[in-house]
Amino acid sequence: MIRAALAFTLVPFAVLLAAPRPSIAANGFLAVALACPAGVEMPDFSSANASDVLVQPAGQFDCLKVGEVLATQLGLAPGERHKIVCEGQKS
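Numbering (mature numbering (1 follows the signal peptide of the UniProt record, and there is no 0)), first residue to last: -25 to -1, 1 to 66.
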């Protein structure tokens, strides 16, 4: 009986945690994940010479976490690296 009651209280809480929060994205930051080609050194690397770029709005305090999740979705070829950048949105 207690186990069933516990399951009913945890499931809605888990759904709330997984639900998208649009108010966080309104804080004016962009999480950017860049795929760095193998021959380019990291200091010379930018979005202009990236082989893949993924962008997602993010909040100030979760921008790097969102960038890490984006980086897992990059199509990295052997020898490529990734870079995560948090930028302020331009209005």
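Hints may contain errors.
Said to hold, decoys possible - With a straight-line cut-off of 16 Å between C-alpha atoms, the simulated EDC-like cross-links for lysine to aspartate or glutamate are:
| no. | residue 1 | residue 2 |
| --- | --- | --- |
| 1 | Lys65 | Asp27 |
| 2 | Lys40 | Glu62 |
| 3 | Lys58 | Asp27 |
| 4 | Lys58 | Glu43 |
Claimed, not checked - Just the calculated beta-carbon pair ranges, DEER-fashion:
| no. | residue 1 | residue 2 | range |
| --- | --- | --- | --- |
| 5 | Pro53 | Asn24 | 28 to 34 Å |
| 6 | Gly3 | Val44 | 15 to 21 Å |
| 7 | Ala52 | Gly3 | 17 to 23 Å |
| 8 | Pro53 | Gly3 | 33 to 39 Å |
| 9 | Pro32 | Pro53 | 17 to 23 Å |
| 10 | Gln48 | Ser21 | 15 to 21 Å |
| 11 | Gly3 | Gly54 | 30 to 36 Å |
| 12 | Gly14 | Phe36 | 32 to 38 Å |
| 13 | Glu62 | Asp19 | 31 to 37 Å |
| 14 | Gln35 | Pro12 | 17 to 23 Å |
| 15 | Phe20 | Lys40 | 28 to 34 Å |
| 16 | Ala13 | Lys65 | 28 to 34 Å |
| 17 | Phe20 | Gly63 | 26 to 32 Å |
| 18 | Phe36 | Glu16 | 26 to 32 Å |
Hints in this document: simulated from the structure, not taken from any laboratory.
Virtual Cβ for every residue (Gly too), placed ideally from N, Cα, C.
Comparing the hints with the structure gives:
Of the supplied pair hints, the one linking Lys65 and Asp27 is violated, its CA atoms being roughly 21 Å apart against a limit of 16 Å. Under the criterion of a C-alpha separation no larger than 16 Å, the hint pairing Lys40 with Glu62 is consistent with the structure, at around 14 Å. Taking the CA atoms of Lys58 and Asp27, the gap is about 11 Å. The hint holds against a cut of 16 Å. At most 16 Å may separate the alpha-carbon atoms for a hinted pair to count; Lys58 and Glu43 meet this at roughly 9 Å.
At roughly 18 Å, the beta carbons of Pro53 and Asn24 sit outside the given window of 28 to 34 Å. As the Cβ distance of Gly3 to Val44 is approximately 19 Å, the hint placing it in 15 to 21 Å holds. About 33 Å separates the C-beta atoms of Ala52 and Gly3, a value inconsistent with the hinted range of 17 to 23 Å. Distance hint check: the CB atoms of Pro53 and Gly3 are about 36 Å apart, consistent with the given range 33 to 39 Å.
Checked against the hint of 17 to 23 Å, the C-beta distance between Pro32 and Pro53 comes to roughly 31 Å, which is inconsistent with it. Judged by the Cβ atoms, the range 15 to 21 Å given for Gln48 and Ser21 holds: they are separated by roughly 20 Å. Checked against the given bound of 30 to 36 Å, the beta carbons of Gly3 and Gly54, roughly 35 Å apart, stay inside it. Between Gly14 and Phe36, the C-beta spacing of about 35 Å keeps the proposed range 32 to 38 Å intact.
Distance hint check for Glu62 and Asp19: the Cβ-Cβ separation is about 18 Å, which falls outside the suggested range of 31 to 37 Å. Between Gln35 and Pro12 the Cβ separation comes to about 30 Å, which falls outside the hinted range of 17 to 23 Å. For Phe20 and Lys40, the Cβ-Cβ distance of about 22 Å falls outside the hinted range of 28 to 34 Å, so the restraint is violated. At roughly 31 Å, the beta carbons of Ala13 and Lys65 sit within the given window of 28 to 34 Å.
At roughly 20 Å, the beta carbons of Phe20 and Gly63 sit outside the given window of 26 to 32 Å. At about 31 Å, the CB distance of Phe36 to Glu16 agrees with the hint of 26 to 32 Å.
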